[in-house]
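Each chain, letter by letter, is given below.
4 protein chains.
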Amino acid sequence: MTIEDVQNHPDTRNIPINKVGIKDIRHPFNFIDKNGQQQSTVGTFKMSVNLPHHQKGTHMSRFVALLNEDCQQLSIQKFPALLQKMTQLLEADTGHITADFLYFINKSAPITGVKSLLDYQIQLSGSWSEDQPHITIKVLVPVTSLCPCSKKISDYGAHNQRSHITVEAVTDGQIHIEDLIDLVEQQASSQLYSLLKRPDEKFVTEQAYDNPKFVEDVVRDVANALNNDARVLAYILEAENFESIHNHSAYAVIENNKSTINTGA
Amino acid sequence: MTIEDVQNHPDTRNIPINKVGIKDIRHPFNFIDKNGQQQSTVGTFKMSVNLPHHQKGTHMSRFVALLNEDCQQLSIQKFPALLQKMTQLLEADTGHITADFLYFINKSAPITGVKSLLDYQIQLSGSWSEDQPHITIKVLVPVTSLCPCSKKISDYGAHNQRSHITVEAVTDGQIHIEDLIDLVEQQASSQLYSLLKRPDEKFVTEQAYDNPKFVEDVVRDVANALNNDARVLAYILEAENFESIHNHSAYAVIENNKSTINTGA
Amino acid sequence: MTIEDVQNHPDTRNIPINKVGIKDIRHPFNFIDKNGQQQSTVGTFKMSVNLPHHQKGTHMSRFVALLNEDCQQLSIQKFPALLQKMTQLLEADTGHITADFLYFINKSAPITGVKSLLDYQIQLSGSWSEDQPHITIKVLVPVTSLCPCSKKISDYGAHNQRSHITVEAVTDGQIHIEDLIDLVEQQASSQLYSLLKRPDEKFVTEQAYDNPKFVEDVVRDVANALNNDARVLAYILEAENFESIHNHSAYAVIENNKSTINTGA
Amino acid sequence: MTIEDVQNHPDTRNIPINKVGIKDIRHPFNFIDKNGQQQSTVGTFKMSVNLPHHQKGTHMSRFVALLNEDCQQLSIQKFPALLQKMTQLLEADTGHITADFLYFINKSAPITGVKSLLDYQIQLSGSWSEDQPHITIKVLVPVTSLCPCSKKISDYGAHNQRSHITVEAVTDGQIHIEDLIDLVEQQASSQLYSLLKRPDEKFVTEQAYDNPKFVEDVVRDVANALNNDARVLAYILEAENFESIHNHSAYAVIENNKSTINTGA
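Chains as they are written, first to last, in our numbering: chain A, 47 to 311; chain B, 47 to 311; chain C, 47 to 311; chain D, 47 to 311.
Just to be clear, a hint being listed does not mean it is correct.
Note that identical chains are pooled: a pair holds if it fits in a single copy or bridges any two copies.
SDA-like, lysine to any residue: derived pairs with alpha carbons at most 20 Å apart [as the list claims (entries may be wrong)]:
| # | residue 1 | residue 2 |
| --- | --- | --- |
| 1 | K69 | L148 |
| 2 | K69 | A271 |
| 3 | K161 | R108 |
| 4 | K131 | E301 |
| 5 | K161 | P74 |
| 6 | K198 | D256 |
| 7 | K102 | D267 |
| 8 | K124 | G219 |
| 9 | K184 | Q123 |
| 10 | K69 | L163 |
| 11 | K102 | D256 |
| 12 | K304 | I181 |
| 13 | K69 | D51 |
| 14 | K153 | N114 |
| 15 | K198 | E252 |
| 16 | K198 | Q253 |
| 17 | K198 | K243 |
| 18 | K198 | V52 |
No lab work stands behind these hints, which were simulated from the structure alone. Please read these numbers as outputs of a predicted model, since none were measured by experiment.
Construct all of the structure, not just a fragment, from the sequences and the given hints.
The structure is reproduced here in structure tokens:
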């Protein structure tokens, strides 16, 4: 006695579906970092494929089965094979996977060198289409920004705040998450650390005051660094300052597709 | 004695900024609906302009001043003028405003007709560029979906759940938020209401069971309705089912730019 | 032909229920402020009653009907009558209503006096039990805090950030939301404004630098002000600093029930 | 040359602080489960101590150092020692730690037995005071609920939805997270699984229809199970149904402190 498979029925509405799949499913995995080390984390996944006009439904359970069977380890290098496997398993032409997870770096405080973990929100996102992978990495780097106007016009002090710098990049596969984070942190008024001793706090306070940047300066300086790194092929870059003197944010966005620019030259 | 205007300094990095402005600022306003009635609500706004490469900073306070002076009333019809005014005030070429707010419709229960408000999340979004406005309306319509497979294979019952159907549409300006919501609700297994008496609950229960739809069916049926409405020029449509038998969602997306299709034909 | 009322059946498990009702229902209303002025806003409501052990279910639809029929206007003064009415309508002994909403104050910038709205998250919460109302008001006041340690140990500058000061208070009914907000803002390193001109920005920058406070200082100073205000009978007070040099918050909590202290004296 | 320690200054305001510390700090760790197995996860921590009236500030960096040095492994059994150590390190009388994290159980589908991970939100929370630990475990268990009224009054079908059952329990230390989750899942209309084959979907659909429960029934049945388990000493229990026919939730709460009841008997 078989149970009917309603999803496999034909469909006559003549409307293809761009993406169909699952979202907001949590899954633990090991992310393999720059040095081949494994870092345990928990991801939130979104997985989809296209559905041609003649097919009623996709095979939802195959996404979940793939996640449970083939996603104990993830890395930028392994992501294309996973995208291809999913697209084939679902008998589709195009496939998409997005994994959001926290990534930790064991940072040394700037003066005392005391170590502590800092967390970064990462999104690894990829498509499989025309038998090719298309991968983007998105890193959210929390930093300090200090306002040049406030510094300039005030007799002392300057308002500063936590800021989020988000870089979503298409790369040549040779740049690691740690590299992108480092590139961004170099351009902030100062970096964040979980653990700072008093000599470290003195250092970051003075460093931020010595290095004031508008949200416009931050995106331009990060854009400049991304422009000068040949491993980055295209990017969308946003800085958001959680203004300490307002109850809203200041933000700025720069987009750059280097290949488009080169083609145009 | 003047206070120096640091933002107005020249900039030599030669990097234009796509968007710079403010986000996550709350503001109360009256939204003018289909019948010219005003509905009081509270919006979360995002406002930005472009910044040419030679200018150090934008005029952040002008966004806030505009919001406080010119945003007591909002409507789809008034949005282009607001976009133009902001872009000019900021001495920019392009400008963008996004307003997210709750909108209420006083619905009648299907049998008893008892009235109650249902809330819908709306996003009114627009750009000003090349001296033209570009407006999109996004409505999130919560509905009931009932699984055809579960119904078919089970001797009785069928799993069902709340679903979110989101339509982001470019329109000809002749379609109202209420029309889009109504169009979507017609295609669900059944609609939601805040207040249902027992005869109403019997009705929506049986209606959903009589009208089972996969997430694929829902997006196709809403897409079909949008395709047949000449007032809708382009759309991105997503359905998300908060599956009652899983701890994750099923979702599907259809995008359609009718002008592109027509051009191609 | 009647439709059976399953909720009204007797229950034999012998387990009373402390609270049963609805939550996360949105509803627009006018809040009546200190000066009798009405402010339009949108609330998120939670409404519940107790259920005695012998009754199977409560009357869920009566909560929604009450919200739609009797909640066009809300105020601290009107809240007890609403609580009593709900508890009676549901044929219960105790009832609880919580309304979360944004409230706006039109603030004047400190030097130029330019006006702009600032938003505050409010929670109005009440119980009806033993034929008496018990009301608490919770206000979340966003402010600036500046670190005394960072100022002291650094040759120049000092890290500062946005902070949230939350006061949940039982009052004698004679203190308004505006009074509580004002009381809190007086104790911060400096206040927030949506719109600041350059002379204002200079003022708040220097004011914060002149007025450094640890999270411990902030809660103590607000506690002191609350202790000295006879209209406040009890409170829970929390300050949270979104540290500009860390990716986590510092926080502190003081609770004080003045009547308990008085009884103990 | 020493850097002044401002936090260690005396304070003359004569106001003790109930809790001061850090919150929203992310930290990866291994949780040791029922069988002594380690599960890697990422937690969000809140850590605080009391501060006597005569001391200006606490030692914020010691919380972070403790987290980085002593929190590679966590378990219910190890939690008291961590609480004691923190309270001593901070030279305080009372201390509090809360860790929120996702926990996964590899569940077997009810008919085919196919395995998949399901995620549960856990909160491990503890205090150290009067030289004693006080530990609570909170589990959020997502389940299916099916409405008895909808089933009874409808000719076919019944609305059902995902529900969250949350149990916060004080235990004797002999009950594990898995036990609490299992106890809760037994009382739902049916359980959730990430992966279900068609025979499994048929089973859970029919099981839910055979087992209709109001939100009131769910809390009473879970309360009954908790009352009958001697390892649970006290609890706060909430069920929330994300109603598939409304855009709001139904919810119910039962609190029970068995020792109070026993003392009273």
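These are the hints, each one checked on the structure:
1. For the homomeric pair K69 and L148, the shortest alpha-carbon distances inside one copy (18 Å) and between copies (17 Å) are both at most 20 Å.
2. Proximity of K69 to A271 under the C-alpha cut-off of 20 Å is found in neither arrangement, the shortest distances being 34 Å within a copy and 25 Å between copies.
3. Taking identical chains as interchangeable, the C-alpha atoms of K161 and R108 lie at most 20 Å apart only when they sit on different chains, with a minimum of 13 Å there against 43 Å within one chain.
4. In the homo-oligomer, the alpha carbons of K131 and E301 never lie at most 20 Å apart, since the shortest distance is 31 Å inside one protomer and 25 Å across protomers.
5. Taking CA atoms no more than 20 Å apart as the test, K161 paired with P74 passes between copies only; the shortest distance there is 15 Å, against 26 Å inside one copy.
6. Proximity of K198 to D256 under the C-alpha cut-off of 20 Å is found in both arrangements, the shortest distances being 12 Å within a copy and 17 Å between copies.
7. For the identical chains of this complex, K102 and D267 are inter-copy neighbours only, at 12 Å across copies versus 50 Å inside a copy, given an alpha-carbon limit of 20 Å.
8. Taking identical chains as interchangeable, the C-alpha atoms of K124 and G219 lie at most 20 Å apart only when both belong to the same chain, with a minimum of 11 Å there against 42 Å between chains.
9. For the identical chains of this complex, K184 and Q123 are intra-copy neighbours only, at 15 Å inside a copy versus 37 Å across copies, given an alpha-carbon limit of 20 Å.
10. Taking the shortest alpha-carbon separations for K69 and L163, only the inter-copy value of 15 Å comes in at or below 20 Å, while the best intra-copy value is 29 Å.
11. In this homomeric assembly, K102 and D256 come within 20 Å of each other (Cα to Cα) only across copies, at 18 Å, whereas the closest approach inside a single copy is 62 Å.
12. Proximity of K304 and I181 under a CA criterion of 20 Å is satisfied intra-copy only: 16 Å inside one chain copy versus 29 Å between copies.
13. Taking the shortest alpha-carbon separations for K69 and D51, neither the intra-copy value of 22 Å nor the inter-copy value of 38 Å comes in at or below 20 Å.
14. With identical chains, the CA atoms of K153 and N114 are at most 20 Å apart between copies only, with a shortest distance of 11 Å across copies and 32 Å within one.
15. Proximity of K198 and E252 under a CA criterion of 20 Å is satisfied in both settings, with 15 Å inside one chain copy and 12 Å between copies.
16. When the C-alpha separation of K198 and Q253 is checked against a cutoff of 20 Å, the pair qualifies both within a copy, at 16 Å, and between copies, at 15 Å.
17. Taking the shortest Cα distances, K198 and K243 sit within 20 Å of each other only across copies (14 Å), while inside one copy they are farther apart (29 Å).
18. In the homo-oligomer, the alpha carbons of K198 and V52 lie at most 20 Å apart only across protomers (8 Å), although the nearest pairing inside one protomer, at 68 Å, exceeds that limit.
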